[in-house]
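> The residues making up each chain are set out below.
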Amino acid sequence: MTTKRKPVPLNPAEIKAEMLKRYPPKVARRRDKQIMINEALANDTPEITANVRTIPGIISMRGCTYAGCKGVILGPTRDIVNITHGPIGCGFYSWLTRRNQTDASGAGDANYMTYCFSTDMQDKDIIFGGEKKLEQAIQEAYDLFHPKAIAVFATCPVGLIGDDIHAVAKRMKEKFGDCNVFAFSCEGYKGVSQSAGHHIANNQIFRHVVGEKDEKRPGGFQINLLGEYNIGGDGFEIDRILKRCGITNIATFSGNSTYDQFASAHTADLNCVMCHRSINYVADMLETRYGIPWVKVNFIGAGATAKSLRKIAAYFENPELSGQVEALIAEEMPAVEAARKDVHARTGGKTAMLFVGGSRAHHYQELFKEIGMKTLSAGYEFAHRDDYEGRRVIPHLKVDADSRNIEELVVEPDPERFQPRIDGDRQKSLEAKGLTFKDYEGMVPDMAAGTLVIDDLNQYEAEKLVRAFKPDIFCAGIKEKFSIQKLGVPMKQLHSYDSGGPYAGFRGAINFYREIDRMVNSKVWGYMKAPWQENPELSATYVWE
Amino acid sequence: MLLRHTSAEITERKALTINPAKTCQPIGAMYAALGVHGCLPHSHGSQGCCAYHRSALTRHYKEPISAATSSFTEGASVFGGQANLLAAIENIFAVYEPEVIAVHTTCLSETIGDDLPQITEKARRSGKIPEGRHVLYASTPSYVGSHVTGFSNMVKGMLAVAEPTGTKNGRVNIIPGWVEPADMEEIKRLAALVGVDITLFPDTSGVLNGPLSGEFHMFPEGGVTIKQLKSTPDSIGTLALGEWCSADAARHLDSLFKVPCRVLEMPYGLKATDRFIDALRKIAGVPVPEEVNLERGQLVDLISDMHQYFYHKKVALVGDPDPLIALVEFLATVDMCPVHVLTGTPGKRFEKKIKQLTAGMPFNVNVRSSADMFLLHQWIKNEPVDLIIGNSYCKYIARDEDIPLVRFGFPILDRVGHQYFPTVGYKGGIRLLEKVLGALLDRKDRDDSEQSFELVL
Chain A
9 MTTKRKPVPL NPAEIKAEML KRYPPKVARR RDKQIMINEA LANDTPEITA
59 NVRTIPGIIS MRGCTYAGCK GVILGPTRDI VNITHGPIGC GFYSWLTRRN
109 QTDASGAGDA NYMTYCFSTD MQDKDIIFGG EKKLEQAIQE AYDLFHPKAI
159 AVFATCPVGL IGDDIHAVAK RMKEKFGDCN VFAFSCEGYK GVSQSAGHHI
209 ANNQIFRHVV GEKDEKRPGG FQINLLGEYN IGGDGFEIDR ILKRCGITNI
259 ATFSGNSTYD QFASAHTADL NCVMCHRSIN YVADMLETRY GIPWVKVNFI
309 GAGATAKSLR KIAAYFENPE LSGQVEALIA EEMPAVEAAR KDVHARTGGK
359 TAMLFVGGSR AHHYQELFKE IGMKTLSAGY EFAHRDDYEG RRVIPHLKVD
409 ADSRNIEELV VEPDPERFQP RIDGDRQKSL EAKGLTFKDY EGMVPDMAAG
459 TLVIDDLNQY EAEKLVRAFK PDIFCAGIKE KFSIQKLGVP MKQLHSYDSG
509 GPYAGFRGAI NFYREIDRMV NSKVWGYMKA PWQENPELSA TYVWE
Chain B
332 MLLRHTSAEI TERKALTINP AKTCQPIGAM YAALGVHGCL PHSHGSQGCC
382 AYHRSALTRH YKEPISAATS SFTEGASVFG GQANLLAAIE NIFAVYEPEV
432 IAVHTTCLSE TIGDDLPQIT EKARRSGKIP EGRHVLYAST PSYVGSHVTG
482 FSNMVKGMLA VAEPTGTKNG RVNIIPGWVE PADMEEIKRL AALVGVDITL
532 FPDTSGVLNG PLSGEFHMFP EGGVTIKQLK STPDSIGTLA LGEWCSADAA
582 RHLDSLFKVP CRVLEMPYGL KATDRFIDAL RKIAGVPVPE EVNLERGQLV
632 DLISDMHQYF YHKKVALVGD PDPLIALVEF LATVDMCPVH VLTGTPGKRF
682 EKKIKQLTAG MPFNVNVRSS ADMFLLHQWI KNEPVDLIIG NSYCKYIARD
732 EDIPLVRFGF PILDRVGHQY FPTVGYKGGI RLLEKVLGAL LDRKDRDDSE
782 QSFELVL
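Sequences listed follow chains A and B, in order. Each number in my numbering corresponds to the 1-based position in the first sequence with 8 added. Each number in my numbering corresponds to the 1-based position in the second sequence with 331 added.
It cannot be assumed that every hint is accurate.
Unchecked claim - Heads up, simulated PhoX-like pairs for lysine-lysine below, C-alpha to C-alpha not over 20 Å straight-line:
{"#": "1", "chain 1": "A", "residue 1": "K349", "chain 2": "A", "residue 2": "K382"}
{"#": "2", "chain 1": "B", "residue 1": "K602", "chain 2": "B", "residue 2": "K683"}
{"#": "3", "chain 1": "A", "residue 1": "K472", "chain 2": "A", "residue 2": "K29"}
{"#": "4", "chain 1": "A", "residue 1": "K132", "chain 2": "B", "residue 2": "K345"}
{"#": "5", "chain 1": "A", "residue 1": "K132", "chain 2": "B", "residue 2": "K679"}
{"#": "6", "chain 1": "A", "residue 1": "K251", "chain 2": "A", "residue 2": "K315"}
{"#": "7", "chain 1": "B", "residue 1": "K766", "chain 2": "B", "residue 2": "K726"}
{"#": "8", "chain 1": "A", "residue 1": "K140", "chain 2": "B", "residue 2": "K345"}
{"#": "9", "chain 1": "B", "residue 1": "K519", "chain 2": "B", "residue 2": "K758"}
Calculated from the structure, these hints are not laboratory results. Model, not experiment: these values are computed from the prediction.
Generate the whole structure from the sequences, applying the supplied hints.
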């Protein structure tokens, strides 16, 4: 086996210049602002440009608004019939491709996640309008399945031809009486990435579903988990941990979720935000309307999991809960530690790059750190500046034409149901004890000086980075996987985890350590060259007589 | 049950498609374009289309799928996508340096009426297309036809570069249709064996079944070259394999440049491969070598050896029209009984053809085009089968109904091998029968009682 060449110390400014060199001037100017060298300033972070348009022709990792809305946010909810209104493709591609797991094993549980519903618009629908077909499709879905709810998702042509999907949904909801019907104007061209779709999805769930069910669920220490999508069973592991601590999870937005969970989310006492990007505004809205405060949590990484559990315990200020949390951490950590130590021996000192999502490029650095791996470069696919630099930049965010397109709901306190879970004094005393509310410091402060932070990385830049730094592992999505691996560097999917998971929580951490160990130490990376390619000269060889 | 809401009772649906047996045109255009050497496919629409197509193709082929997009925003959707496409063409040639860009449209750019010939011409006149580079295009509205239509449209679009010289080049054009890279390789091998010089287009072999060697080439060695495409009008004839995928381009060459064409079934199975070889020898005027007879004989031998396990086994098939027609004929050849045959792609001719091929079967045969897998599942519930042949989505039906599945078609997201092992030709026929037999006998071994469980089968 050949030994890998150790990377020469590289100057990030040179690498950046190299990446920009071939671009036409206009492209170079734009990319320049999205590639940031982390100067790790003491009290500040350098500014990065994010959540801006993708450059035509540049092979981006990003998807569209529909993908963010139907695929990411509503995809993991099992008992809503999701009808894609449009030509067949969008529904087809978002059918079972995100590895959201669900537990529909209860008697009578509905599960439509294995189904793809579409109006399969034809040219005549585009010419004459598709509202009638949509109405008929909703009727047929209702007649066949009698679901609790039917959701309609607009694809690009729907907005262009002017189908009023919201009017159709309203009409059908009134007609049925026992089935909530609502629609999402999530045409692919809205916004600059999936992020716009998350927002459109969450707004409509907040508007049409949250608050529909006032009945208080049993169980102590009631929280919602916001921004957890149960990829590869992450949500199952988090739920296992929460349950063992005696914490009741009312609703996960939206991994392994049901309609009723969303409907009763307003009854919880604390919102725990996992993926800041996809859902922080829901946490804000739940606070304004119902008085539920929120904290940022992270269950990716064993240390982060323990920290998040303690944060939740600190909020409830209940000795019994704190005791259960500490007992669980004490019980779970030895196995984690044993796995970590074992793996660290083979992964320590290795390097990683992460370009994914709106949170994961940050959260997964924790896991890599736990096994001694250094992050050389990271960035998000669809995040905003606050996800890089922290929420303190929110007041200074530029609102451009694209962000203006995405509705911001104006939320007022609910006249009957607004009930602040903690008063000002208690909040102050909790803050004095170190609990921070509504806070996220972003990814950049956690990254080392001189690392490259790159927003909306594209295929060309990825190749340059990998060639320059030769990282031991690169993390992105399925589209990036094989162009990186062809270069002899393992590529871990952090959107859908390849076929692995869960990676959240304590057991997830062990899974991840072992997976990374497997990937960076696989023998396959030593087979790139045949013996005669390694030693082409014939002089020293023996000759058949 | 994974598909627990599917009931046996079939009701007519006019508007709701459930579990589609097709996808949209642009992905077919993207796949076809990858079969042109040095070509970067370009999706003229919002970036999600391109992301979805790249993801689906990557998951199926387990290879890098490079393709670009016009990344429409709301502004482009309202004011037209010309500025985005012009910028894209300029950026692509500057950054990725392909020899060819193959642009296809989407439902978005089609609905707003973007005119590709006009925009491409503008790009050319304003110097955005470097000397010696090419921009191909095809109109592929997602709301017409299916992924198969998009494939066909892009193959036809490739002929825009055709330049007859007036002198025949002695070659035969073969349009393979949407088959695997390994199948394209096999078609080339068979033609070489018969001794016919061919131009295969598109040709994804060497592009989507590449090696792992520590090198990444955005534009690998494989693919039909522009030079070869230019010369297609000088060929002595064209064989189009599959009416849906390949006939349009072949007829286009015929009507424009008087290149005689024959439309054949895709060469899956004994008889379709016989017709392919026979056509090849006649069009080129060469005798068929003994090696081909040997391969044919081996397939016939296997059919005879395994006939006892195939005879009157009922099969449900779902997929694209061209491969299904050939497969149904193949199954009938080995005395199996396709009883449910369904495609999402439109085409009444498909239904007619399948009915012809299955006439005289001892079972009633359900056939539908423009249909979905929800209906297929309902058919299976009403008339159970011994085997399902179709893409990975079939595994949900297979598991719920406890029926063996042979993965075939697009997409296959949960197994590998389809990129490497051809299923066309005689050798491909052997591979197909091996898979079918394996599935049937694994099931028999699982189900047989201990008394009747046997070592020798």
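> For every hint, state whether the structure bears it out.
Now for the hints, and whether the structure bears them out:
A C-alpha spacing of about 16 Å is found between K349 (chain A) and K382 (chain A), which places the hinted pair at or below 20 Å, so the restraint holds. A hinted pair counts as satisfied when its Cα atoms are at most 20 Å apart, and K602 (chain B) with K683 (chain B) qualifies at roughly 19 Å. Restraint check: the Cα-Cα separation between K472 (chain A) and K29 (chain A) comes to about 11 Å, which is no more than 20 Å; the hinted pair holds. Of the pairs offered as hints, the one joining K132 (chain A) and K345 (chain B) holds, with about 14 Å between alpha carbons and a cut-off of 20 Å not exceeded.
At most 20 Å may separate the alpha-carbon atoms for a hinted pair to count; K132 (chain A) and K679 (chain B) meet this at roughly 19 Å. With a CA separation close to 17 Å, the supplied pair K251 (chain A) and K315 (chain A) stays within the 20 Å bound. For the proposed pair K766 (chain B) and K726 (chain B), the alpha carbon gap of about 15 Å is at most 20 Å, so the pair holds. The straight-line distance between the Cα atoms of K140 (chain A) and K345 (chain B) is roughly 11 Å, inside the 20 Å bound, and the hint therefore holds.
At most 20 Å may separate the alpha-carbon atoms for a hinted pair to count; K519 (chain B) and K758 (chain B) meet this at roughly 13 Å.
Comparing the model with each numbered hint stated earlier shows that all of them hold.
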